[in-house]
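K.L.:
Sequence:
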Amino acid sequence: QILRLRPLVKEHLIYKCGNGEHFSLWFDPWLHGDSVHALYGHRVMFEAGLSKHARVKEVIRNGEWCWPQASCDVVELQQRVRSIPISTAPDSIHWDKVGEVFSTASAFHGIRQWFLSVDWHDIVWHSRRIPKHAFSLWLAPRGAHRTKDKLLAIGVVHSADCAFLCGETETLQHLFFQCPFSSMVWREVLLMCNIVRPLLSWADEVLWMSTHARGSAFHHTVRRLAFAATVYHLWIERNRHCFKNVFLPYQEIIRLVKQDVSGKLASSKSYPSCERYHSLCVNW
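So that you can map any letter, position 139 of the sequence shown is 139 in this note's numbering, and since no number is skipped, the others follow by simple counting.
A portion of the hints provided could be inaccurate.
What the hints assert, rightly or not - Straight-line distance between alpha carbons at most 27 Å, and here's what the computed DSS-like set of lysine-lysine pairs gives: (1) Lys-150 x Lys-97; (2) Lys-10 x Lys-57; (3) Lys-97 x Lys-132; (4) Lys-57 x Lys-97; (5) Lys-150 x Lys-16; (6) Lys-97 x Lys-16; (7) Lys-132 x Lys-244; (8) Lys-132 x Lys-16; (9) Lys-150 x Lys-132; (10) Lys-244 x Lys-258; (11) Lys-10 x Lys-97; (12) Lys-258 x Lys-132; (13) Lys-52 x Lys-16.
Claimed, not checked - Okay, the calculated beta carbon distance ranges per label pair: (14) Ser-159 x Ala-105: 45 to 51 Å; (15) Val-282 x Met-184: 31 to 37 Å; (16) Ser-262 x Leu-200: 21 to 27 Å.
FYI, nobody ran anything at the bench for these hints, they're computed from the structure. Cβ coordinates follow ideal geometry from the N, Cα and C atoms, glycine included.
Construct all of the structure, not just a fragment, from the sequences and the given hints.
P.N.:
Below, the structure written as structure tokens:
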């Protein structure tokens, strides 16, 4: 996957040819942003009579370009490189423009893909998130969890039955929170958040949380943490069923959710002391 980014990164790299000792004659994009191989193909190596491991310095003689006059392509190459100055300085690679200092931040912002912010951004990437919970929750609204219905479609598994043995097909919507097992967990977690309402479809749960867990208020923080912890531990339990054939009761999943959320809240420096949140603190 990383190697597939080479064409994208190449657009930001500037190869400044110096003495030609370090650049590959054929494969580095020192020729006005392109490599000789990309422009003329593999044949030009044989026509020039030079090794595929040749460096640029091998076509420099006495400070001038000196390509073998072996074919029309090589003659054309000689004409194209004349505008590239030769110096005694070492070859150098620059990011975006010559002389600019490279930083990982500039590289990240240069090659990343930018998308519009989604409504559920704040319930995932807030300042008090638990990283592994946030990552799992980030996958869910994007439909990126490899549930059994997806695995069945590509032939990885032979059955899409729910890992919690309810007899239904395992889809993302079923797992969060239509399955009897996951619905029991989520219902209890909602009660610990002092939320009394019917369970919603997965898309509506995300929308509800995006609307009712936004902001820095303590009860909003609790909701965000509880939501992410529930999604995370249900997915872990699902994997435990699938790969280890180990089954925990739903009460244990609730305990794990509570343990993570209460631990995060206890480490906060802005723990509330007002009566308004007393029952919420008692629950967690």
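K.L.:
The structure should be examined with respect to each hint, and the outcome stated for every one.
P.N.:
Each hint tested on the structure:
1. Using a Cα cut-off of 27 Å, the hinted pair Lys-150 and Lys-97 is violated, with the two alpha carbons roughly 45 Å apart.
2. Pair hint Lys-10 plus Lys-57 holds up; C-alpha atoms about 22 Å apart against a cutoff of 27 Å.
3. Distance restraint check for Lys-97 and Lys-132: the Cα-Cα separation of roughly 38 Å exceeds the 27 Å cut-off, and the hinted pair is therefore not satisfied.
4. A distance of roughly 24 Å separates the Cα atoms of Lys-57 and Lys-97; the hinted pair therefore holds under the 27 Å criterion.
5. The suggested pairing of Lys-150 with Lys-16 is violated, with an alpha-carbon distance near 48 Å, which exceeds 27 Å.
6. A distance of roughly 10 Å separates the Cα atoms of Lys-97 and Lys-16; the hinted pair therefore holds under the 27 Å criterion.
7. Proximity of Lys-132 to Lys-244 is assessed by CA-CA distance (about 21 Å); at most 27 Å being required, the pair is judged to hold.
8. For the proposed pair Lys-132 and Lys-16, the alpha carbon gap of about 43 Å is over 27 Å, so the pair is violated.
9. Of the pairs offered as hints, the one joining Lys-150 and Lys-132 holds, with about 23 Å between alpha carbons and a cut-off of 27 Å not exceeded.
10. Restraint check: the Cα-Cα separation between Lys-244 and Lys-258 comes to about 24 Å, which is no more than 27 Å; the hinted pair holds.
11. Proposed proximity of Lys-10 and Lys-97 is supported: the alpha carbons are some 13 Å apart, at most 27 Å.
12. Under the criterion of a C-alpha separation no larger than 27 Å, the hint pairing Lys-258 with Lys-132 is consistent with the structure, at around 16 Å.
13. Of the supplied pair hints, the one linking Lys-52 and Lys-16 holds, its CA atoms being roughly 21 Å apart against a limit of 27 Å.
14. Ser-159 and Ala-105 have their C-beta atoms about 46 Å apart, which keeps the hinted 45 to 51 Å range intact.
15. At about 22 Å, the CB distance of Val-282 to Met-184 disagrees with the hint of 31 to 37 Å.
16. For the pair Ser-262 and Leu-200, the supplied restraint of 21 to 27 Å holds, since their beta-carbon distance comes to about 25 Å.
Violation of the numbered hints given earlier is confined to hints 1, 3, 5, 8 and 15; the remaining hints are satisfied by the structure.
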